[in-house]
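Engineer: Below are the chains, spelled out letter by letter.
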Amino acid sequence: MSRVAVRKTHKLYIGGAFPRSESGRSYPALDASGEVVARVAWASRKDLRDAVRAARSAQPGWAGRTAFNRGQILYRIAEMIEDRAATFAEQVARTGASAADAAAEVERAVDSAVWYAGWADKFAQVHGNLNPVAGPFFNISAPEPTGVIGVVAPAQPSLLGLIHRMLPVIVSGNTAVVVASEPWPIPAVSLSEVLATSDLPGGVVNLLTGPVAELTPFLAGHMDVDGIDLTGAGTELATTAASSAAENVKRVVAGRDPLDRSPYFIADFVETKTVWHPKGL
Amino acid sequence: MAQPPAVRDKDWDYLPSAQTAEMVSIDDRYGLYIDGKFRAPRSRRYQETINPATEEPIARVAEAGARDVDLAVSAARTAFAGEWGRMGGGERAKYLFRIARMLQERSREFAVLETIDGGKPIKEARDIDLPLAAAHFFYYAGWADKLEYAFAGVKPEPLGVAGQVIPWNFPMLMLAWKVAPALAAGNTVVLKPAETTPLTALLFASLTAEAGLPPGVLNIVTGAGRTGAAVVEHPGVDKVAFTGSTAVGKGIQRALAGTGKKLTLELGGKGAHVIFDDAPIDQAVEGVINGIFFNQGHVCCAGSRLFVQENIHDHFLDKLRNRLGTLRVGDPLDKNTDIGAINSAEQLQRIEGLVSAGLEEGAELYQPDCALPARGFYFRPTLFTGVAQSHRIAQEEIFGPVLSVMSFRTPAEAVEKANNTPYGLSAGVWTTKGSRILWMADRLRAGVVWANTYNKFDPASPFGGYRESGFGREGGRHGLAAYLKGPWS
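Respectively, the protein sequence lines represent chains V and H.
When we follow our numbering, the leftmost residue of the first sequence carries the number 1, and every step to the right adds one.
When we follow our numbering, the leftmost residue of the second sequence carries the number 282, and every step to the right adds one.
Treat the hints as calculated values from the structure; they're not laboratory data.
Some hints here could point you the wrong way.
No farther apart than 25 Å at their CA atoms in a straight line, the calculated lysine-lysine pairs in the DSS-like style are these [stated by the list, open to error]:
| hint | chain 1 | residue 1 | chain 2 | residue 2 |
| --- | --- | --- | --- | --- |
| 1 | V | Lys122 | H | Lys766 |
| 2 | V | Lys279 | H | Lys737 |
| 3 | V | Lys122 | H | Lys737 |
| 4 | H | Lys714 | V | Lys279 |
| 5 | V | Lys122 | H | Lys427 |
Sequences and hints are given; from them, build the entire structure.
Structural biologist: This is the structure:
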């Protein structure tokens, strides 16, 4: 008689813990052929608020880490994805990718994590500079993280798209509330387990699974969220969300190519601070 | 109310020292500057601009309607598709250098006109606004043929037509902040000056014509909020840059949602000025005075909230009240004037409203006993003590010569209080301890932190807000990003 497999309950990832949705709801995640892979948590507005609160309290500590340390932790994320590459590849393949494409996507996700890890202690040097002002002043401009950023991850590629939208947000010291791909949430749930074991402090990334159309307006309208990436929202949803994001002058990004990576994506969610001081005896 | 110490003999006074206005000639009526020519508005509407120092009408200025904005945008589009768009950066640079030089040459004329139309003291228009405006053109002129070196890995391309809306507090300087980087990057411009201060922008339009700037590269459409809305919402505009109130900025952000237009916003502020007990006190007093009374407090980055460490609070306030008594309020064209006219009756009313709210909420008001001119819009330099964090005068931007004073005990408390508004444009710190300056600078959530100085500006230095003070930077290399295509746009 064959052994009965132990199935995993797919939960949310909030403040470093793995709660079910407070709403008690879940929805079936399907594979490309329409078969149910697992039921995943259907995050509610309350879950989203909890996630924002966790992200807010984690933010000063994360931003206060040295850039070197943030780079180390992002590199650790790369290591942990690589370690579970076969699992991720299998999960990505169930979204309809060929086995080879799925393996390639996982490799690219690892490589991009390494790439962004390296930016942690270089980005400020590329983005900031000393300003030669016309007077006896030391004058310097440097980027600082914006704060708490909402990320609506692209539906696909489910893993790489998530990595490509999430890492440029956190590498500078922001914390994130991420709404995972709605049709293909399983790799995101696995990624949350990677994050939980990568020395990433709890609350730096909070991952919600659930209906994008329901969660995005809450995220866009939340007054304690400082910026939002709407790449995973459709045009109509992104427009209404961008409009309500104006209520607290959120920094808004939409329509990024999920395959693309750039140091300028880090710049999407940083604030340039200029400091003046007189020179004298 | 605390009594001010006697500061000077009341009989002693300054003699008038009027700046002559004879080099300025003002027309009775101004059209719109579109496609290199002044034209009567299709709207057929004009509005009056007055001198806020005297309430006398100065001129009638066209109010651009939707059709006029249409013409301006299409002139800008044609110029972008034509000569200007094809021109090499080196040639664009020379036009901008030429404009910078011509502004320097006619600096006093512009300064006097700025003072007449807007009410700011001539010494500020003359020594700050105009030199900085010219410097801004000079700085960005040099970028026009070096754009490929500005952002690593980015091939620089202009966005197209920039629609720009600027405020009344620094009319020429804000024009320079907007126009210089836009043109340096190769865009064309439709600019709407503020309703109450259109004249220097129109003089600048004629200066660019004299400079030979090709028609359509810069278009000036005067008018009020409706005209501004027509500019930013025009489908032919690729990029919007706005400086003004947070409320209007939010409206623009909302209106532009989903349009794909690029947007930068420089909005309101409620700057915190933090004074530690080891600060050089007399210098700090001067910094605080400059921070709140520069340009009548009509400054988005004004240091309008003062936090004094508790153990020096009373001593510092004595000195501050004393200094308030020496400020000269009055005729903006007088070269000795420190505080000129409030820009408009409407703004005066807003200031008076918030000052009443401060009194109603229980704060204690201090104003020096100084005479104000019989006509014109004026407000005495004002400070409030006994202010609570929750008071409106501690939370809302007053945009006038009104300082709200609070105290703190520890650096952590100072940071918490300083960051306790939805804004994040500017902050000031006064202490002699270097490590504390850097510690504070790291924690103050503001786009500009002035340490042991305040209200310094430079074209090479990026300026802009955190949070509800807006996004995007003006000045420096960072200021170019708003006018170029890139992975960020």
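Engineer: Does each hint fit the structure? Answer for all of them.
Structural biologist: Hint check results:
With a C-alpha separation of about 23 Å, the suggested pair V:Lys122 and H:Lys766 falls inside the 25 Å cut-off, and the hint holds. A threshold of 25 Å between alpha carbons decides the hint, and for V:Lys279 with H:Lys737 the separation of about 14 Å falls inside it, so the pair holds. Restraint check: the Cα-Cα separation between V:Lys122 and H:Lys737 comes to about 29 Å, which exceeds 25 Å; the hinted pair is violated. With a C-alpha separation of about 14 Å, the suggested pair H:Lys714 and V:Lys279 falls inside the 25 Å cut-off, and the hint holds.
Pair hint V:Lys122 plus H:Lys427 holds up; C-alpha atoms about 23 Å apart against a cutoff of 25 Å.
In terms of the numbered hints stated before, the structure departs from hint 3 and from no other.
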